[in-house]
Structure formats: C-alpha cells, structure tokens
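A.B. asks: Got chain A; can you put chains B and C on it based on the hints?
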Amino acid sequence: MKQTSTVGKSNKTVLVLLILGLSTIIFPLYMTVVIAFKQPSEMTNSISGILSLPKVWSLQNFREAMEVTDFWNSLKNSLLISGLTVGLSILIHSLMGYTLGRNKSNKFYNFVYLFIVSGMFVPFAILMMPLAKQTAEMGLANWFGVILLYVVFYMPMNIMLYSGYLTNIPLALEEAARVDGASTWLTYWKIIFPIMKPMHATVAVITALAVWNDVMTPLIIMAGSSENTLPLAQLNFQSQFGTNYNLAFASYLLSLIPILVFYLICQKQILNGVVNGAVK
Amino acid sequence: MKRKGLRSLALAVGLTSLAPAVWGCASTSDGKIEVEIVQYKPEAANYFKTVEDAFNASHDDIHLTISSPNDAMAILKTRFIREDYPDIIGIGGDINYSYFVDADILADISGYEGMQNVNEGYLEIAEALELVPTEGTYILPYAANAAGILYNREMFEEHGWQIPETWDEMLALCDEISAEGILPFYFGFKDTWTCLAPWNAMAVELAPADTTKQVNKGQTTFTKEYGELAEKYMALLPYGPDDPFAYNYNDACTAFARGESAMYPIGSYAAPQILSVNPDLKMDSFVMPASDEKESRTLNSGIDLGFCVTEACENKEAAYEVLNFLYQDDTLQKYIDAQTSVPCKKGSFTLPAILDGMSEFIASGNMTDYQDHYYPSEMSVDALLQTFLIEQDKDAFLKNFDTSWQRYNRDIIRMVQDYEAAHGSAE
Amino acid sequence: MTKHENERKRTFLLITIPILALFICFNTIPLIRGAMYSFTNSRGFGSHDWVGLRNYIDLFSDARVGKSYLFTIKLAIVTTIVVNVLSLILALGLNSKIRAKGFFRGAYFLPNILGALVVGYIFNYFFTYIVPALADMTGMQGLSSSILSSPNKAWIGVMIVCAWQAIAMNTIIYISGLQTVPEDVYEAGGLDGATGWKQFKHLTFPLIIPFFSINMVLCVKNFLMVFDQIIALTKGGPAQSTESISYLIYNNGMSGGQFGFQSANAVVFFIVIVVISVAQMKFSSSKEEQL
Numbered sequence: 001m002k003q004t005s006t007v008g009k010s011n012k013t014v015l016v017l018l019i020l021g022l023s024t025i026i027f028p029l030y031m032t033v034v035i036a037f038k039q040p041s042e043m044t045n046s047i048s049g050i051l052s053l054p055k056v057w058s059l060q061n062f063r064e065a066m067e068v069t070d071f072w073n074s075l076k077n078s079l080l081i082s083g084l085t086v087g088l089s090i091l092i093h094s095l096m097g098y099t100l101g102r103n104k105s106n107k108f109y110n111f112v113y114l115f116i117v118s119g120m121f122v123p124f125a126i127l128m129m130p131l132a133k134q135t136a137e138m139g140l141a142n143w144f145g146v147i148l149l150y151v152v153f154y155m156p157m158n159i160m161l162y163s164g165y166l167t168n169i170p171l172a173l174e175e176a177a178r179v180d181g182a183s184t185w186l187t188y189w190k191i192i193f194p195i196m197k198p199m200h201a202t203v204a205v206i207t208a209l210a211v212w213n214d215v216m217t218p219l220i221i222m223a224g225s226s227e228n229t230l231p232l233a234q235l236n237f238q239s240q241f242g243t244n245y246n247l248a249f250a251s252y253l254l255s256l257i258p259i260l261v262f263y264l265i266c267q268k269q270i271l272n273g274v275v276n277g278a279v280k
Numbered sequence: 001m002k003r004k005g006l007r008s009l010a011l012a013v014g015l016t017s018l019a020p021a022v023w024g025c026a027s028t029s030d031g032k033i034e035v036e037i038v039q040y041k042p043e044a045a046n047y048f049k050t051v052e053d054a055f056n057a058s059h060d061d062i063h064l065t066i067s068s069p070n071d072a073m074a075i076l077k078t079r080f081i082r083e084d085y086p087d088i089i090g091i092g093g094d095i096n097y098s099y100f101v102d103a104d105i106l107a108d109i110s111g112y113e114g115m116q117n118v119n120e121g122y123l124e125i126a127e128a129l130e131l132v133p134t135e136g137t138y139i140l141p142y143a144a145n146a147a148g149i150l151y152n153r154e155m156f157e158e159h160g161w162q163i164p165e166t167w168d169e170m171l172a173l174c175d176e177i178s179a180e181g182i183l184p185f186y187f188g189f190k191d192t193w194t195c196l197a198p199w200n201a202m203a204v205e206l207a208p209a210d211t212t213k214q215v216n217k218g219q220t221t222f223t224k225e226y227g228e229l230a231e232k233y234m235a236l237l238p239y240g241p242d243d244p245f246a247y248n249y250n251d252a253c254t255a256f257a258r259g260e261s262a263m264y265p266i267g268s269y270a271a272p273q274i275l276s277v278n279p280d281l282k283m284d285s286f287v288m289p290a291s292d293e294k295e296s297r298t299l300n301s302g303i304d305l306g307f308c309v310t311e312a313c314e315n316k317e318a319a320y321e322v323l324n325f326l327y328q329d330d331t332l333q334k335y336i337d338a339q340t341s342v343p344c345k346k347g348s349f350t351l352p353a354i355l356d357g358m359s360e361f362i363a364s365g366n367m368t369d370y371q372d373h374y375y376p377s378e379m380s381v382d383a384l385l386q387t388f389l390i391e392q393d394k395d396a397f398l399k400n401f402d403t404s405w406q407r408y409n410r411d412i413i414r415m416v417q418d419y420e421a422a423h424g425s426a427e
Numbered sequence: 001m002t003k004h005e006n007e008r009k010r011t012f013l014l015i016t017i018p019i020l021a022l023f024i025c026f027n028t029i030p031l032i033r034g035a036m037y038s039f040t041n042s043r044g045f046g047s048h049d050w051v052g053l054r055n056y057i058d059l060f061s062d063a064r065v066g067k068s069y070l071f072t073i074k075l076a077i078v079t080t081i082v083v084n085v086l087s088l089i090l091a092l093g094l095n096s097k098i099r100a101k102g103f104f105r106g107a108y109f110l111p112n113i114l115g116a117l118v119v120g121y122i123f124n125y126f127f128t129y130i131v132p133a134l135a136d137m138t139g140m141q142g143l144s145s146s147i148l149s150s151p152n153k154a155w156i157g158v159m160i161v162c163a164w165q166a167i168a169m170n171t172i173i174y175i176s177g178l179q180t181v182p183e184d185v186y187e188a189g190g191l192d193g194a195t196g197w198k199q200f201k202h203l204t205f206p207l208i209i210p211f212f213s214i215n216m217v218l219c220v221k222n223f224l225m226v227f228d229q230i231i232a233l234t235k236g237g238p239a240q241s242t243e244s245i246s247y248l249i250y251n252n253g254m255s256g257g258q259f260g261f262q263s264a265n266a267v268v269f270f271i272v273i274v275v276i277s278v279a280q281m282k283f284s285s286s287k288e289e290q291l
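Protein sequence lines correspond, in order, to chains A, B and C. Residues 1 to 280 in our numbering are what the first sequence spells out, letter by letter. Residues 1 to 427 in our numbering are what the second sequence spells out, letter by letter. Residues 1 to 291 in our numbering are what the third sequence spells out, letter by letter.
Hints listed in this document are in silico derivations from the structure and should not be mistaken for laboratory results. Keep in mind the model is a prediction, meaning the values are calculated, not measured. Heads up, a few of these hints could be off.
Straight-line distance between alpha carbons at most 25 Å, and here's what the computed DSS-like set of lysine-lysine pairs gives [what the hints assert, rightly or not]:
| id | chain 1 | residue 1 | chain 2 | residue 2 |
| --- | --- | --- | --- | --- |
| 1 | A | K107 | C | K287 |
| 2 | A | K104 | C | K97 |
| 3 | A | K268 | C | K287 |
| 4 | C | K97 | A | K268 |
| 5 | A | K197 | C | K101 |
| 6 | C | K101 | A | K12 |
| 7 | B | K345 | B | K334 |
| 8 | B | K213 | B | K224 |
| 9 | C | K97 | C | K201 |
For reference, chain A alone in the conformation it holds in the complex (with noise of 0.2 Å):
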C-alpha cells in the first residue's frame, strides 16, 4: 500500500517534468506551423512579427509546395527507398548481427565484428567520388543503388544494436530448439529473429529517419536522373541569394507526417517487451 502511493506522487513529478521539457519543442514547432501558412511579406526580424499568427489561415503555401516538389512522385520515391532499405535491413542486419554476436568469443567473427563497425566511422566525403564512379561503371545509378548503398551505411550501426540486443537473450532458448533437432537457420528464424521484435521497432525507425531525410546519397548516385525524392526536391527551396522559407516549411511540416505516423506505430512494438515473457 505504501509503495503504490509513493510511486503515485513520483509519477507526478515525472507528468510535471515532462511537460516542462515539451516547451522546448512545442516553441519550435509552432514556429514552423506559424511560418508554414504565412506569406514572404509577413516575414520580419521583430519578435512580435514572427510569433504572431499568420493574417490568413490559407493553405496555398501547401498546394505551392506540393506543386513544386512534385510532391506525390516525390513522395512514392522516398517511401519506396526507405521501405525497401528499411525491410532489407531488418533481414540483413538482424541475421548478421546474430551471428556475431554469438561469436564474440571467436577471433575471425570478433575481426569480422570490428572491422564492419569500424565502417561506421568512414567520412562519407571520402566514399562519396569513389561510389559514384563505382555504381556508374555497375550500372547502379539509380535508386536501387541507393537502397545498396544505405543497407551498407547502416550495417555497422544495425550490427551494433543487433549484437547489444542479443546479449540479454539467453543462449538456453536457442539450446532447447536445438535439442528438439531444429537447424541453427531455422531456429533463428522460428525463435530468435521474433524475440528481437523490438529491436526491429528501433532498427526501424532509426534507419527509416536516417534515409528519410538523406540528401547526399541520393544527389551524388542519381544526379543526372530526373527522379527526385523528397528531401532532394526541397532543395529547391533555397539558394545562396534567396529561400522561400514559407513554401520551405510547409513542404517540410508535409514530409514530416509520414515518418511520424511511422514513427508511432514502431514505438508500440519497441514496447512489446518479448524478452521478459519469453525468459519466464
């Protein structure tokens, strides 16, 4: 009885405290929504000026900014890379990091571990003129190239998470399918790869982040095709001498919906703590 009452008040504490920490992002938020809907000549540099709401709650800017980034051919661009990257490297990464991370103790897959997280710390500057040749010359320059390219970008990360994950998931799982005569592939598939549900929930939203606003890659390997995705179609916003920063943040709040509501249906499956049912 104690107890429940103690951690009632503390709950409370932590509601009060969270809030707090909102304004933080509310502030800029409203901003955005705010500068969204207004047009350039509401623009000013005084403080009432900017916070202030916009004179006509119109959605022009929207309908412009959609206009201008094509947005709908955009849109299925972007969804069908970070889809496709997103689902590859689940499968990849997952298996991969599974079979290092029951290894550490072996020198060949602990290199191997090493060496693809030491990947991680490449500069991109340095891969950037070396794969644009490379995936020419494979004729990758397209958007399946990009897919490639993430799946290894990311794989050292994935890896990492994937092998940090498994530590906490006891070998005896593995052990019991094993002697009820299940092949290890099988056994990873049948028990393993739907116990790291909720590292799936994070592989994928964190890679899906990464990809979605990525505008590097993209604009490196498929400059010169007329395919565009999102985020390379709002560089068409800004130049050195001049950006449309109401038509900017519009596109961008219209890009944002997407990997929100992605977002929080991974975020149910983070949550699913499998591990501690299963471990019972």
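C.D. replies: Chains B and C only, in chain A's frame:
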C-alpha cells in the same frame, strides 16, 4: 604537350570505362538529337523551364533538357568523375570555371558565330579567368551581376540625400544619415560570403584587377595591394548594426526591405529576396566610391552565368543551335527581368530599374570583375574577412592572406611560373 | 553434438560471407580508392599528379585543421555527456507509468525529424533575436548579444542544437534497453528496499550497460562527424571558430579544390575515430564483464 597527353589519357579512360550512363549527345529512339544542359542557378529554374518548353516546341530535330539542380557544382563534379558529361553547362565566371578550363573539360567555342555579339568587356573577363593564357574561348557570357550599394530611394528623396561619388562624400553621407537617427548600412556578416560584397565593390577601385595574377608571378604581395582596402572596410563597420555578425543574409535582406537601414552593400542578385519581403520598396543602386577620384570609380561586375559546351559533346552544331536560341534578344531580356541582372550581349536591352544608378557604367563598359572570382574557395577568404572584421587586426589579416594564398595556390603558382619560364614574360 | 556444432558453424559462415562481401564492395573498396587520392593533388576532377606524402606532412602543420580537431573534440565530449544524461532521464521518465505516454513519446521524437533548414532557421532566430531580448528583459548582460556571433561562445549554440536533435534517438535506444529489464528484477529489488536512485544504480543501470555503451559510441561518433548542424547554424563561423572536421573535409574537398589534401585529412580522421571508438568499446565491454 601536356594537354594533349592528358586528353588522350582521358579518352583512354573513357573508352575502357564500362559506364552505361555516358549520355553524350546521343540520339533518342525517335531520331531526335538530345542536348542536355545543367545550369547552376536554381533560382532561375522557372525561367529555364519555359526556355526548355519553348525550344522543344519550335524544334523537331533536337530535344533539349535543362536541369537546374541545387548544389549543381557537387553534381557536376560527381558526374565528371564518372565520365558522364552534360552537353552544355551553365556556370559562373569564377574559380571553378578556371579549373574546368584547366582540366580540359570544356570545348573551345571561339568558332561559334554568336561570340561576335558578346560585349567585349565580358570576353576579356572570361579570358582573364584562365589560369594560364590559352588560345581558345570556352564560355559564352550570358548574364552578369553588379555589386555596389543598394539604397532606399524613398528615404533618400525624403531627406534630400545625394548619391556620393567619392569616399569622403560617402563617409559624410553616412554621418548625415546617422545624425537623423537612421542606420546607414545593414550587414549580414553571419553568412560569411556577404563579407565579400563590400570588399569586392571597393577592391575594383583600390586594387589592380589582376592582383592575384601579379601575386602568382611573385611581383607583389597582398599586404601591399590590400592595405588601403582593409582600412576603408574597417571604417564602414561603425555605420552598420551593433553586432553585424549576429545577422545572416536573410536577416539583412529583411531588415533593409523593412526600412531598418538606408543602404545595403550587396549585389543586384539580392533584389528578388528583398522584394519578396516588401514588394512595394523603391530601391536603386549606386557604384561604391572608394577613393577621392570620381573618375576612378568602376562598376564591380562579373559573369554570373555563362554557357560552356563540354569537350564530350558529340554534336556541337546542335549545341550551338541551343546557344543561338538562348542568346536571342527576347529570351535574354526575359532572363534579365526575372533575375535583375545585366546582359552580356551587345545591343539594346531594358535594364531592371534597380540598376538605374549603375546604367551609365554599364553603357560605357566601365566594369571590373570581382576579385573573389580569382580566390580558391577552399582558402575561405570570406571567413578570413569575417575574422578580420571581428578582430579588427589589419596587419595580422594581410599577413595571413599572403601566407594562406601561397599555401592554397601552391600548384597553380608553380604552373604559372612554369608557363612564364616557357613563354617568357611577353605580356 | 559435434554434428550440431559443425552445422552451426557452417550456417554462421554461410551467413557471414555474402554480407561481408557486400560490405567490402561498397565500403572498403571505395574507401581504399578514396584513400589513393590522398597521395595526389587532385581537385576531384580532371588530371592530377602524385605528390607522395606531401598532403600528410601539410596536414600536421595546418593550423586550420588543428583548430578544427580541437573544436570538434571539445564539442563531441560535452555534447555526449549532456545528451546521455538527459536522454537517460527522459527514457526513465517515458518508461514509467504515466498518462499520455504515447503522446509524450511522439512529441519528444519530433526534433529528430525536422529538417536541417527548419532547425537552422528556427535556432538562428532563437539565438539572434529571442535570447538577447529575453536577456535584456531579465538584465542578464552576458546573453544580450547573440552567442552565435561570438567566436568564444558559438560552439555552445552548436552544442545545444546537436543535443536537442540527438536526444530523441538516444532515448529510443535507452527505452528499448529498459524493455529488456525483466519486471521481476524490480520486484526482487523492491523486497530489498531498493528504490529511486539506489534501484537505478544497482539494478537498472547494470542491465542496460550494453545500451549505454552503444549510445556512447554512437554519440561520440555522430558528434565527431558533426556536419548538418554546422551547415544549418554557423557554416563554420564566426571567425572560423566552428569549423568541424567533416565540414572542412566536405567544404574544401568536395566544394573546393582541395580534394587530395582533404582525402588525407579524411584518412587520418577515420583512423582517429576508429581508435577512440575501439578503446571505448573495449572499456565498456570490460565493465560489462565485471558486473
């Protein structure tokens, strides 16, 4: 000799490359010749879209594609490395152009007849941009920009202020404006590149146009040539906002558009951004006076956009046909109206009203190229200038300028000196 | 048993080889090809000459490069600490039994999805106009001018924005770590009277150490390679005080004509981060074993 060897090397690489994406001037399935332009001014994308449509509507034999990507330089460089050349590239007359000429990427288009219509001043500017003198011409100058001082015309008329023609008049005007409680200048020095605008505008009068070339030949130093310039630049600072390094280009454009300052030292390219904030603003421009001689004033103007045909373009005639179309008077006029720029073609054009105060310089061809078109971008002269303006240490700045110059231009200096040794100082 | 062992070994090898091959093809080989440029004076296109070790010798005498290393390392250390402390607290908060959990989790995730242009604009505005105005109202002299215009203080602005954006991701990783802590651990702990800080220190934290070390490695790596926030916020200024290493490599190597030299910089930088991170991982795995 060296060039020829390189060219055959490039050819060999091109032949052995498996790249399926070599586009060239290949014919499409419907028998049309494909011409592709990549141009580097994304702000002019709409204009080029209409040009593309108009061209394709009037030509049955050639199909034109124009792309106006953001960060076009990164795109061009990555495409060059995979031997995937557009037929025509639209770039500015700056150090990248110099590098492209040096790398034998661009074709000599001195045989193109449209060259005769180019304003000689801009041809000379293009010529001067070559790292070492060459025989050919590699760019068709299209439009130029001009930098000086933009001013709020209504404010000037209201107070009866006169356009200054000498440095002293300029300072006197600033004092007069301050006395009225108005800020003379707005600066957006948080964006380092804007530090170059007043610098360039004064440099054309105070330093020789070929300063950098003289330094490369070892004939002078920046400490010698830029001393007065640096001092005068510092003298302008008190007439700007208290903390100019807090504001970026966009802030400064907004502030000037809202009448928070009487003048704004920036190029004509800023006009669309300013007018987007305040479409009713009446503004004009004048040439920045930097010395006490009225006659020594010269307009800071350089090639903002020019078209180069690449060496790899297979069908030069088709490319020239595209250039002809772009260079028609009415096509060019539309560009000038949209981008508030100066035509590089001879003939009568209607200049944007914002350039009224500069028109006599443009008409008489009294123009000098931007000094910064000769600065290698990796030296970040804009950042050096910003540091100088913050720390206000002229001697340290100039000394740093000289040592950095030698450091960043080592290979070019060696090339120039080899050339000099081979050709003698015939100039 | 041995048959099973062999089957297991073979499966692991069959998984590893193709994936490793893919990785080498699109990471290792381009890296080696890129590193070759570090021995040339290439501008990134056109012809180039071999210059031997000149770029590497230059690198160690280049004041600008040295300054960028100092700035980047300072930024990485401070931001890593700030981000990990805050996101661990946030993860504990979001993982506790509170109302509107889904809403809070969604809201705190937002900073991560706002694009660089938006973040740059808003924080520029915030530091340039709003903070000084607030400082004037409250009479705080030190903040009455924009911190982004001061060469000594601009890095703090960069730090704040980096932390603001990074906290969301680290929190997610911590939350998924907290999910692996079984309820019965707390129940057992509750019997021993462990609550609050004690419970965290002795029960929760040891169990999420793998996630802590992942976050540390990711943070250090991300902030050492900081690029987007620099472009959005300061572009290396004022007075070149916030030029990060990645910024220099990209700006001078890709946009500028220093491709060969910056490739050398990238190679050295790569080695530096690998050494730091391997040391970090070794350290934290030894900690894991202790517990």
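A.B. asks: Could you work out which of the previously given hints the structure breaks and list their numbers from low to high?
C.D. replies: 2 and 3
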